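Q: Take a look at the letters that make up each chain.
4 protein chains.
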Amino acid sequence: MSGSGFGKLFKITTWGESHGKAIGVVIDGCPSGLSLCEEDIQIFLDRRKPGQNEFTTLRNEDDKVEILSGIFEGKTTGTPISLIVYNKDHHSTDYGNIASCYRPGHADFTYDSKYGFRDYRGGGRSSGRETIGRVAAGAVAIKILKELGITFTSYVSSIGELLIDFDNFSEQEIKTNPFYMPDAECAKKAEEYLKSIMSDSDSVGSSIECIIKGVPAGIGEPAFDKLDALLSQAVMSIGAVKAVEIGDGISVATARGSENNDSFYVNNGKVDKKTNHSGGILGGISDGSDIFLRASIKPTPSIFKEQETVTNDLNDTVLSIKGRHDPIIGPRAVVVVESMCAITILDLMLQNMGTKLENIKKIYN
Amino acid sequence: MSGSGFGKLFKITTWGESHGKAIGVVIDGCPSGLSLCEEDIQIFLDRRKPGQNEFTTLRNEDDKVEILSGIFEGKTTGTPISLIVYNKDHHSTDYGNIASCYRPGHADFTYDSKYGFRDYRGGGRSSGRETIGRVAAGAVAIKILKELGITFTSYVSSIGELLIDFDNFSEQEIKTNPFYMPDAECAKKAEEYLKSIMSDSDSVGSSIECIIKGVPAGIGEPAFDKLDALLSQAVMSIGAVKAVEIGDGISVATARGSENNDSFYVNNGKVDKKTNHSGGILGGISDGSDIFLRASIKPTPSIFKEQETVTNDLNDTVLSIKGRHDPIIGPRAVVVVESMCAITILDLMLQNMGTKLENIKKIYN
Amino acid sequence: MSGSGFGKLFKITTWGESHGKAIGVVIDGCPSGLSLCEEDIQIFLDRRKPGQNEFTTLRNEDDKVEILSGIFEGKTTGTPISLIVYNKDHHSTDYGNIASCYRPGHADFTYDSKYGFRDYRGGGRSSGRETIGRVAAGAVAIKILKELGITFTSYVSSIGELLIDFDNFSEQEIKTNPFYMPDAECAKKAEEYLKSIMSDSDSVGSSIECIIKGVPAGIGEPAFDKLDALLSQAVMSIGAVKAVEIGDGISVATARGSENNDSFYVNNGKVDKKTNHSGGILGGISDGSDIFLRASIKPTPSIFKEQETVTNDLNDTVLSIKGRHDPIIGPRAVVVVESMCAITILDLMLQNMGTKLENIKKIYN
Amino acid sequence: MSGSGFGKLFKITTWGESHGKAIGVVIDGCPSGLSLCEEDIQIFLDRRKPGQNEFTTLRNEDDKVEILSGIFEGKTTGTPISLIVYNKDHHSTDYGNIASCYRPGHADFTYDSKYGFRDYRGGGRSSGRETIGRVAAGAVAIKILKELGITFTSYVSSIGELLIDFDNFSEQEIKTNPFYMPDAECAKKAEEYLKSIMSDSDSVGSSIECIIKGVPAGIGEPAFDKLDALLSQAVMSIGAVKAVEIGDGISVATARGSENNDSFYVNNGKVDKKTNHSGGILGGISDGSDIFLRASIKPTPSIFKEQETVTNDLNDTVLSIKGRHDPIIGPRAVVVVESMCAITILDLMLQNMGTKLENIKKIYN
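Residue numbers (my numbering), protein chains in the order written: chain A, -10 to 354; chain B, -10 to 354; chain C, -10 to 354; chain D, -10 to 354.
Excised from the complex, chain A in its bound form (with noise of 0.2 angstroms):
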């Protein structure tokens, strides 16, 4: 029942509905003596924020976050940080047939079952908007790792068909495009296509892969809070998320293991790494080179075409969804992957602190 929650020294609890009066997330656990203000998390919400092209639902919604809790002076106390974006734009009349019927590719039906009824006005919790939650703490955790010099790189690989070109892969173009792609011909080429899925009443899927470069190696636990498989869950928690890869990803399933290990050797006087088969992880836990992920999106279940479908008491109809919808999750969904990657791997450091006997005595005496 209490699924969130996530993390256990840096702790998020998100809640909220897509036409409810609010959206939020508490974060538990933040340490203290971060300088944070609203602007620091406000350009992350931005990167997430409807309406902002012709590619993405028109909901008019400033998604301004307001900080209730948890700093003072500028500062972070060290005590939950209470973070609230209010839902502006709920145009809550117009439901209509969603009510008593269950969308394909949505969650209405197994709410339904698992509930006994749901807020149906925009999928309710399960709508795109409980990520806003999820973001503003990503915010504060990606601050916070990067004054301990550790960044991300985000973007989408690939949308239907048309993949990135690593060749073209440019940091500084991801912002440029409005679908976060590095390869400046790629995103125009996405253009084009993305119009005639959208003429065609239909969506389609895309990938978004996360670079981290500068988490220390041993971050990580043995058996079940791997690194990796927190990342998997933090990740595949994500609504349209269906697959989770690490580094080379499903590609292991047909290489060699001569292929796929990667040799170590002195560098500047440190252990390295010649290749990154292993996207950063060995064992659970990181081995100090970039981490790499991959997450596979589902196309945007909410298309304008004809769907059959049933309703809540039973009969067989067809559904045709209107309002406003992005044709592609993808984009969007950039920031959430991000966001969700550096909860993890936050919490896992702040975790890690008491491994050694030697860093304890280093903090207590």
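Derived from the structure by calculation, the hints contain no laboratory data.
Mixed in with the good hints, there may be bad ones.
Since the list gives no way to pick one copy over another, a pair counts as held whenever it fits inside one copy or between any two copies.
[Unchecked claim] Mimicking DSSO-like on lysine-lysine, the simulated pairs with C-alpha atoms at most 30 angstroms apart in a straight line are:
no., residue 1, residue 2
1, 259, 311
2, 345, 132
3, 263, 294
4, 350, 132
5, 10, 135
6, 263, 350
7, 345, 10
8, 64, 259
9, 77, 10
10, 311, 177
11, 64, 311
None of these values were measured; they are calculated from a predicted model.
Start from chain A and add chains B, C and D according to the hints.
A: Positioned in the frame of chain A, the structure of chains B, C and D alone reads:
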């Protein structure tokens, strides 16, 4: 630090190293009243036991499980069940350069980074033998789920470039060939293929699929403890897994919404789906159809080819691994994937019982 | 660090400081289908509201609760319930020497030690106002428990040297006098007594008792999550509590076994007890008789007498606290104790439903 | 259900029944690099071992501990430490009417209510032998804390009406008499007193005090995971404990604020307190002075006097308990209280290291 526990209500804690005295698991929260004896667990452990054919390590272990607590007069009492398997075949003299250098693809370097030193005997805690506890606990979960009508079909779906043909699918066949493949013809080819890999002193990757039938709609929690999110953590936490897919997995990234959405229809007075691209999970909650999961398994990192690496006192070196190693991990990992899925689902089912006020009243009034 | 959460399945997370913008709680895991409106919660908050009589602080707060999520069409949906109370009466200019010196009996020094600095306005997070979130969540738990036939009687049983006389016990009286005492005569004496304490610029301790009727036998977990162990954590976590007793409490230390053991007998075809020295709990599990708990509450640390203390730059100083403070904590804490007991019991009841295999089958088949 | 685990980062899971094959504990999250051998643990187990004098049960158990995992070359590796004690003296034939009737003061009835049946041999899981795992884990925690300069003084402070006189307090004396009392004279009286209780076929209560020196200021979390709250859970979870007091405990209920507040002063350039009514904890966080805790222990419920009770098929009956039982629980529980306090404090210290951003930077940069 405390990453060796998994689950909230059906909670397992595994312990033990490859070459320590014993390996084990404590199951805390097993419901009372279940008939349980050592043989129930042994049949699952036997599926991952080494030394069963020419494609697995020759390590000579019986892997006989002993129940130390939690059972009275043949039934679970509801108190912790402690299960132990003594390590028999230590070969504890022969570690040579493993102690002083980092094997590529293994966790030697990351353990040293994290803890300052490591139990280098056979990989210590990061050995595949750590999964013995998972399988022993999984056997208990699978037995309970079976009483609720939930069953598992798990198998190797590819070895290197060899993929099973679903037209040849035979559940019976899975137990017949040494690779746990449901396609006899593919298994036959795999035999030749693996012999050539072995003669090449190399290893190869594989993939495992798990189909779970009978899970009622409504299992899994919204937000972070989604059924697919926790399955991902559970399966990604198995040593060699580098990707987890649910339903159509990575192919959703290239699909259109109109293809990917599963239409609902009324079937015998109940809600059913015409297709199952979602893999039995919508919005993180089971939808009543089969749950489908795929894991990609990396090649065995221990290969006999010479490999470049470094010593733990930071000198470049060349390593030749000796001893006995499986050329492929997948077949023996099938039962581990199945076990982790079962533990995850049972735990979420126990959590789910408090979801509706009417259910709570059913128990207490 | 993340200590602001309590409970496993009915999980609450509180946030907010005395003089921040707002105070609140998120309830994650509330069962669906419960009728719930703000008034249900407000009546509990009103029991701890300041400014209600001459014996409580004059701080002018309405403490009006607002539901931000988790309710749809008047019923809980099963998703997180976010509750907020805006702080109205900040008086934020007037902290003077509180900012720079450590008040005896308060957490000023320990917060500085832990976090490096603190929100000194009105005690920040360590203020009694932190309990607003507990009471709001407790109101929800109490409502659910009431539907299951479980009720609470909570009251002040002593103020300083004044003890209630059980011969005068009147449940009705509890709501009548300003001290929530069940003995009208004792309450009358307390009025005079407290006036003399106040005129002395001092404060005084008190004790609270809570009787819980209707908890079925079988609630609570063996070992560490015993019902009495978790009740102790829950109640001791309330700011000023310094002792928790179950049943006969400290007097068991002088009792003989033949006195302390409660004889069982058959009463109307059910197992009953002739006495209840155990306070309704045996081996950490409810035995079906009334649960009895007592908490000892320290005197309000904010007193108007001059006190010796130190500044945060390590100089000895003398402190005169000004402003508005209750001379006694007990009366306003009664509803907090009751709330924490309710949250604990509901959480354990939800966990308990998976205890017997037959119950599990009842839900799923 | 899963109540056999305690702690977040230094996490213990105990298992085993009084008359099962063995009893044990898994410690998950012990820092690496600690020298540890079986003798380190054995000396603590010997403090609770039965059969040491005429006032304890004659049960013949060596209670020899064996380390099964987590140690390599004499040091903790950071992976789970599994500790086992085999039960030797089962006497498993002689349970007679215990199997079919409910012993007053014991958990027989509540286990049957919860689980549907129980392991009735010697109390099964609710036996005092369950504390073996706690003490074994406590020994490890105490060893780590000792390296950080934290020490424990624990003793019996009263037996029935006999209270120790603090003027006679001798730490050396604690280990000298069979009652772990720090007052030789009182211990002498206790000997006569207990003989008379025993000749009366009865038992008697007692109390235990624990003083913890050297805990730095700043340990414990605000809100629910307060140091005193978790100590209360930890100690109340020990079988026979019915009250937990911190600092002045129940006497705060009759104290005035001006008496109860501890004045701060500057001592050798550090903040110190003139008195310690708070018992070393303010606002749930350690204040650097000695932590003081008292537990009230009920009389042994197994007495030889005839008692009225019921059978499990609901008939009134009369029970005469035979066998071997301590007339008092306190002395053997001293080391259990100490162990639970140590586990709690160590766990909170590990959590505390991520509190300040500057500490985090100290570890990672």
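Q: Now tell me if each hint is right for this structure.
A: Verification of the hints:
| no. | hint | in the structure |
| --- | --- | --- |
| 1 | 259 / 311 | between (58 angstroms within a copy, 27 angstroms between copies) |
| 2 | 345 / 132 | both (26 angstroms within a copy, 15 angstroms between copies) |
| 3 | 263 / 294 | between (50 angstroms within a copy, 17 angstroms between copies) |
| 4 | 350 / 132 | both (27 angstroms within a copy, 13 angstroms between copies) |
| 5 | 10 / 135 | between (33 angstroms within a copy, 28 angstroms between copies) |
| 6 | 263 / 350 | between (35 angstroms within a copy, 29 angstroms between copies) |
| 7 | 345 / 10 | between (46 angstroms within a copy, 24 angstroms between copies) |
| 8 | 64 / 259 | between (36 angstroms within a copy, 26 angstroms between copies) |
| 9 | 77 / 10 | both (8 angstroms within a copy, 21 angstroms between copies) |
| 10 | 311 / 177 | within (28 angstroms within a copy, 53 angstroms between copies) |
| 11 | 64 / 311 | between (45 angstroms within a copy, 27 angstroms between copies) |
Going through the hint list in order, the structure satisfies each hint without exception.
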